[in-house]
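There are 2 protein chains.
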Amino acid sequence: MAKSKKTVFFFGAGKAEGMSVAKTDAERRMILGGKGAGLADMTAAGLPVPPGFTISVADCEDYYKQGRKLSNAVKQQIRENMAKVEKQMGKKFGDVNDPLLVSVRSGAARSMPGMMETILNLGLNDKSVEGLAKKTSNPRFAYDAYRRFIQMYSTTAMGLSKEPMEDMLHNAKKKAGVKTDPELNAEYLKDLCNQFKKFYSDNMKGQSFPQDPYEQLWGAIGAVFGSWEADKAVKYRQVEKINNLKGTAVNVQTMVYGNMGDSSGTGVCFTRDPNTGENTFYGDCLINAQGEDVVAGIRTPMKLSELGKLLPKAYKQLCQVRLHLEKHYKDMQDLEFTVQEEKLFMLQCRTGKRTAAAVFKIAADMVKEKLLTKEEAVARITSEDIERLFYPQLDAKAAKSSTKIATGINAVPGAASGKVVFTAAEAEEMADLGEKVLLVRKETSPEDVGGMHAAIGILTATGGKTSHAAVVARGWGKCCIVGCEALNINNETKSMTVGDKTIKQGDFLTLDGNTGDVYLGQLALELPQQPPAYQTIMKYADELRTIKVRTNADTPYDAENAIKMGAEGIGLCRTEHMFFDTEERRLAIQEMIVAEGLEKRKEALAKLLPFQQKGAEGIGLCRTEHMFFDTEERRLAIQEMIVAEGLEKRKEALAKLLPFQQKDFEGIFTAMNGKPVTIRLIDPPLHEFTPKDDEGVAKLSKITGISPDKIKHRCEQLHESNPMLGHRGCRLCITYPEILDMQVTAIINAAIVCAKAGVKVLPEIMIPLTIDKKELSIQVDQARALADGLIKAAKAKVKYMIGTMIEIPRAALLADRIAEVAEFFSFGTNDLTQMTLGLSRDDAGRFLPIYVANEKDGGKGIFQADPFQSLDQDGVGMLVKMGIEKGRSTRKDLKVGICGEHGGESASVKFCHKIGMNYVSCSPFRVPIARLAAAQAAIADKAAKGKPAKKAKKSK
Amino acid sequence: MAKSKKTVFFFGAGKAEGMSVAKTDAERRMILGGKGAGLADMTAAGLPVPPGFTISVADCEDYYKQGRKLSNAVKQQIRENMAKVEKQMGKKFGDVNDPLLVSVRSGAARSMPGMMETILNLGLNDKSVEGLAKKTSNPRFAYDAYRRFIQMYSTTAMGLSKEPMEDMLHNAKKKAGVKTDPELNAEYLKDLCNQFKKFYSDNMKGQSFPQDPYEQLWGAIGAVFGSWEADKAVKYRQVEKINNLKGTAVNVQTMVYGNMGDSSGTGVCFTRDPNTGENTFYGDCLINAQGEDVVAGIRTPMKLSELGKLLPKAYKQLCQVRLHLEKHYKDMQDLEFTVQEEKLFMLQCRTGKRTAAAVFKIAADMVKEKLLTKEEAVARITSEDIERLFYPQLDAKAAKSSTKIATGINAVPGAASGKVVFTAAEAEEMADLGEKVLLVRKETSPEDVGGMHAAIGILTATGGKTSHAAVVARGWGKCCIVGCEALNINNETKSMTVGDKTIKQGDFLTLDGNTGDVYLGQLALELPQQPPAYQTIMKYADELRTIKVRTNADTPYDAENAIKMGAEGIGLCRTEHMFFDTEERRLAIQEMIVAEGLEKRKEALAKLLPFQQKGAEGIGLCRTEHMFFDTEERRLAIQEMIVAEGLEKRKEALAKLLPFQQKDFEGIFTAMNGKPVTIRLIDPPLHEFTPKDDEGVAKLSKITGISPDKIKHRCEQLHESNPMLGHRGCRLCITYPEILDMQVTAIINAAIVCAKAGVKVLPEIMIPLTIDKKELSIQVDQARALADGLIKAAKAKVKYMIGTMIEIPRAALLADRIAEVAEFFSFGTNDLTQMTLGLSRDDAGRFLPIYVANEKDGGKGIFQADPFQSLDQDGVGMLVKMGIEKGRSTRKDLKVGICGEHGGESASVKFCHKIGMNYVSCSPFRVPIARLAAAQAAIADKAAKGKPAKKAKKSK
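Residue numbers (the working numbering), protein chains in the order written: chain A, 114 to 1069; chain B, 114 to 1069.
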């Protein structure tokens, strides 16, 4: 570090050198840390801040470069700044008669648990403590200050154990016959100081407690810098994905005292209510106390408003400070202050943490108050804020005191507590009996969907964030943890072992979908709500965004729910799910989940039970014989088709499926009433539909007259080494064109029926897994000939589009050719990610976490985020961009959307906006997140260009 | 078709209208067909060709456009041309006294089995036959001609059954009491004509045999055009991948007769010996005979040279024709001629078919004779010509008379005949006993490699051309058929059913790897050889090419063999194969296979047996206890590593593998002596190494002390849904960096040992499956630090390179970044194809054939070729090209090669040349094909640019 460079910045008496280091608040925070920037800000605004200086982040970097040492250059700057403080305060640092005392506090750009926070009263030693006693005429105050300093320095800066000194304090009170610290007199405190110093020396290889104030200061600053790399701090940054910070700053500030009698006091406050967001001054304070007393909770603090009565002058000044800071920062602030003998001092100012409800309330109110523009309000909301409004959350205290037995991959946020079952069938049975169940499986398959419905949470031993379990659960907003490799499930004994624990069917577990943690027992949950301000903010977002938001929905009921969430159409309707499931059953669960959001409730865990039972009763209702038979019938029809020998038999089996599909489509078209619906033709490999057990084989054999052995042989033949790269998608309709015929007939007939009933319909038929223009054109021609014939014969007016899914690299590479025969593209980024990265989402759990975790956490930091969660913009994104550009080079009005999981992830949605997509589509519960991200992208666009956000190319 | 357009072209008396339709031979052939172009050519050259005219390919297209009818415009042109012929010959078509008779022959640009070939004597009817009898004073000749015409027209043009008329002829001879056709007198022949006409009328719904010569002509021309779409012709074009032809031409030509007594004759000849390629006039002829008599083999033809004695004038003229045509076409020609009363007529001239040996002999001789340049000689060879030199071939006659039970995918050419076994172990046991065995499996896995070695051919029920079985077999040049879905294998009963046939262990089957056909029983095979001319031509190829050719080889013995095949280095050395196998065992087979090529043998099947036994004895020798234990030891060591709990135990297990690997590398470096060797670090997913049965588990348990249950659990955990996209390649070394340490240590230590022994070494360490710069740089840094340390400590001088395999789309997309840390790229186009197309090579068998087969053959014609066989230049090729350009944008001297299966396929090698690769690498047996293709690419380049072929960027 060059000696000439200024890295330590003074603040005091209305002047703050730190204000000139950068133009914006955000930039200043990166240099001075949050606390340093706030102190500079408050000082410059003329607020009463005790003078001091900020040792900037650059010095932290330098500290590590020097091998955990402060350079002489830095020390020199600190001495110079200390001289300025001394001059302002009229005191000397280390003076034996009237010492200048300082606090030393850390302050990174973001506050961070695990870092060393504060050392108070630094500058005291065996001599100056006596001077202080004389000067204040308060030996008790002086020795208490020294006692606290030694204690804090020894433990916080030097890392000695806390308990021994706490024990000495305890013994002193016992000896003195008193109960509380303040009752201890000066003698006892002086004696404690000696005990503490001896303890220090005993544990520091004979070094005595430093008496040189600068030695104390170097030690404290070094301790702050050192704590930047403490395990807890590193872990926190990893969890919170903080990777743009280079270190922490250190603030050295003149001590002020709230414990100088009844004209003194201290407090912590928020400029608005952090729980509700109401525009009221909110906080706690104590008279004759130091800041740590408020936090420690030894004395019960007063409400802030009480201060107005006891110290009206200081309170009035504080209220002015509140208004000033909100106007300055345009956000709710978290403040710390001390009143020393009626004089107010501001010690800290930072953006305040708040509940999800308060996030929306404050943002919406500030727009009304004209503190914020709509753009600024919308830009401030995060996708996590929205998630917190929709999912039940684990009570943090309950979690802390419980036994965590394993951690998997946090696939769907929220929390769920219930009895463990190991099969889908048992999940359904127990749910029928009114139990809340968690379905625990090695992995789930489409055959488990009924049981997944019935369960309130899902836990699997394998799979990643886009495995079957995760994708299905996400569609329902149902808590789900996957890839929990510690589970050792034994289906025969209906139990599992996890480490040394054994969990049997019926035992309670609690899942935290936010963290992936699995807890023993039934833990308390907090239920969410959506306040009116949420609707206000989302309205602003909708006004601002230019990209449309659709949903992925397979049933009329999904479709209806998605519309409630703000969806403007269906971007992906998977037709094969229709073969598996009765919508009536899904309805029950869907209604239950949505009801949670629409009703206003603030019940605790106790109230969840009857509600879940109500949901369970809903399921019971639809599990009539008829419904069950209905599912069976569908399933058998498709199985019949698969084993059918020859075209004619296959056509017969398909004819049985036609009415089911048509009815589904009629329902969906009616629900969407004029909004576009993108329907994907059959996609999964046929073996996903085959019977999995002897009973299933026997049933199928009875219907088809084909021997069980032959059926088994056929099913075996369908086995694939790499099903992801196998006989699926449009490859099925190339080999079995009659499947395409059946599905197009169902879609077009449903559209005709709806059109005749006055419902507006706009089906977009989507052919999946294309890799070649000719492959696609064969199917487009076939579908068009059939559809046009049906429409003509029915004398109906039905418009439809035919497009394709771009989900294989080759399709993106050859998009110019493919667009010649496709009217729209929908990027299937789940599969595109798998193939572009050569990464199976179901298998990646074994190594992908190491790729994503950073080095400090034992990972390799290769990826910034899980590419299945947030689009890999460098690689997959390049293909998507190329695909859009090439596609529009041959078809100018090509409509382009995305229907992978990424369509509901904030950063990915912004990317989709940037590269000119017409819409994104995501699961119903991600629709609000997509709406918000789309708006934020448009805002950023506008800001960057200084002109209105560019509209995506016009198309229907 | 516009009436004004000339589509029928006259030839005769030195003038050929067809010569002006295009400038080059090749273009003329596309318009006039091969036969028509040859006739025009010979006519224009002044050779004696009976006059006639060619109805061009455009008329064939028109015929189909008109709904299988000749347009009046075409008929009008034909009449006009017939008038010209009449004028030249002084005869009238259909004249009752002296009729002009013509032949009608098909002639596409390529000769094609299945198409209608010839109708002779057209123009005869009940009246003119009498006129002909009088005019020639030879009623027998006239009625025989008429009899033949009715017979040919009925069967060939009208499609009536052949047998009934053959029976009538047979009965006539019986009745006449004679043995041969020529003995039948005019009366019998006249009676036969009547019988034939009645048969015609009976089978043509009462229509009598056409008497109008033009009606005959329209019928014959229509029949030729119709035969273009006959099943056999369509099938042939599909098999031969002929898709640039639009139809066939028809040639109508004046009849000449070789059966006009002893001054007449006919013959078929080649301008050089089609079997050996010797420069001698080669052919057969008959005096007083018609062309079909030579072919039918009723009379034994004379050698061509005999003609010089009997008809010296005609023979002398024929010898001049021979010289003229070879000079003109610069290739060996296949000629048909007729001598009518001492006058020579040329009826056909086309490029002659020849054996593989003759291909090389003729090409090499013509360079010496200065008929061809080296470029022209090399450009003329095809990859199939080379294959035919190296693989045993099924005797065509033997195949015809045998029972074909199934057809699979022709993975590796050649042929093999042996006893069926169903497990690798039994293959080894029976081979030990001296049996030739065919290994039949559902699919093969690395554990089967021993048995695959021992077998002389491999047949699998599943998989495609790049499945495990195919890839391994190809490396050894061993006949292999995969994806033979008709096989229903029952390992318990050691038998399989194929349709209604049951084949038990020990039964004989014969595989034709060229076609994929499987035959019952033990069929005769033809053994190949490489003549000296092969070496000459390959020398020319090596002089001409600019791209290097390396080989994929995993053992010293593979490496040695590859050098014999002309390899200039190793482009892919897969280290994991070393874990499975003793090279000693592979040696035996390798030596055996190579020996076949190096010895000159022309033995028939009988001679194969003792040779194969010799090979089998070789294997027996290396299956000593020690060798077997050696394999076991290796296998157990790696299994131990996989189940090892914790880093230290894993390191212990790895330490056991180190000496094996190092020894392997020492052998390879020594064999390559200075040639570059690209060594790929471990690539396959770990589960490929795990024990597959209880016995294996028990052994591993004994060594490691880990319980069998735990081992099984660990193996289960390793199971993947899509192993292709799973935990493999460099992902293994990211999660287990100690594997990289072990392998790099083995490579560098081996290099040090070799360098100190005076062997030149240039290891190129290749990290597979990269998708990211950081992922790669972590491993490059680790490897470099380790390698440099070892070299320094040993005070050795060893240079090495570190590069990566580009085999995942993302790596190609981000190649500019990746090249910053990679010194070379090797494109792994097998996996790149799988991921770019989303196509598993192991599963594609169920639908890919439909994508490749054309519409006429029940396919969809989506791909021109199997993308696993011939690089998909549009899609995968785009990525490869992009990868090279991006890579060289950040590292100018980036060395680039290919090591997928495509590196040994002709079209793909040419593409690699075009996009500027430095080398291709392929299995040893494909090396000559790659050398040839590389030379042809350079030649084409030179021709296109009119300047020397561009050299690839220089690098080592």
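Please note: incorrect hints may appear among the correct ones.
One copy or two, either will do: identical chains are not told apart, so a pair holds if it fits within one copy or between any two.
[As the list claims (entries may be wrong)] With a straight-line Cα cutoff of 20 Å, these simulated DMTMM-like cross-link-like pairs (lysine to aspartate or glutamate) come out:
1) LYS429 <-> ASP397
2) LYS416 <-> GLU998
3) LYS999 <-> ASP987
4) LYS513 <-> GLU454
5) LYS426 <-> ASP979
6) LYS348 <-> ASP211
7) LYS994 <-> ASP929
8) LYS416 <-> ASP375
9) LYS825 <-> GLU598
10) LYS1027 <-> ASP1006
11) LYS973 <-> ASP894
12) LYS776 <-> GLU539
13) LYS769 <-> GLU556
14) LYS292 <-> GLU656
15) LYS973 <-> GLU851
16) LYS136 <-> GLU639
17) LYS764 <-> GLU753
18) LYS292 <-> GLU130
19) LYS973 <-> ASP854
20) LYS248 <-> ASP208
21) LYS805 <-> GLU279
22) LYS607 <-> GLU829
23) LYS288 <-> ASP806
24) LYS815 <-> GLU405
25) LYS614 <-> ASP325
26) LYS456 <-> GLU542
27) LYS204 <-> GLU454
Simulated from the structure, these hints should not be mistaken for lab results.
Quick caveat, the model's predicted, so the values are computed rather than measured.
Evaluated hints:
no.	hint	result
1	LYS429 <-> ASP397	within (16 Å within a copy, 124 Å between copies)
2	LYS416 <-> GLU998	neither (61 Å within a copy, 69 Å between copies)
3	LYS999 <-> ASP987	both (18 Å within a copy, 14 Å between copies)
4	LYS513 <-> GLU454	neither (40 Å within a copy, 114 Å between copies)
5	LYS426 <-> ASP979	neither (54 Å within a copy, 87 Å between copies)
6	LYS348 <-> ASP211	neither (43 Å within a copy, 107 Å between copies)
7	LYS994 <-> ASP929	both (12 Å within a copy, 18 Å between copies)
8	LYS416 <-> ASP375	within (16 Å within a copy, 134 Å between copies)
9	LYS825 <-> GLU598	between (31 Å within a copy, 15 Å between copies)
10	LYS1027 <-> ASP1006	within (17 Å within a copy, 36 Å between copies)
11	LYS973 <-> ASP894	between (49 Å within a copy, 13 Å between copies)
12	LYS776 <-> GLU539	neither (30 Å within a copy, 57 Å between copies)
13	LYS769 <-> GLU556	neither (31 Å within a copy, 36 Å between copies)
14	LYS292 <-> GLU656	neither (61 Å within a copy, 101 Å between copies)
15	LYS973 <-> GLU851	between (49 Å within a copy, 15 Å between copies)
16	LYS136 <-> GLU639	neither (42 Å within a copy, 86 Å between copies)
17	LYS764 <-> GLU753	within (10 Å within a copy, 53 Å between copies)
18	LYS292 <-> GLU130	neither (47 Å within a copy, 125 Å between copies)
19	LYS973 <-> ASP854	between (50 Å within a copy, 17 Å between copies)
20	LYS248 <-> ASP208	within (12 Å within a copy, 148 Å between copies)
21	LYS805 <-> GLU279	neither (63 Å within a copy, 60 Å between copies)
22	LYS607 <-> GLU829	between (28 Å within a copy, 19 Å between copies)
23	LYS288 <-> ASP806	neither (75 Å within a copy, 73 Å between copies)
24	LYS815 <-> GLU405	neither (77 Å within a copy, 62 Å between copies)
25	LYS614 <-> ASP325	neither (54 Å within a copy, 100 Å between copies)
26	LYS456 <-> GLU542	neither (69 Å within a copy, 99 Å between copies)
27	LYS204 <-> GLU454	within (18 Å within a copy, 139 Å between copies)
In the structure shown, a violation is registered for the earlier hints numbered 2, 4, 5, 6, 12, 13, 14, 16, 18, 21, 23, 24, 25 and 26, in ascending order.
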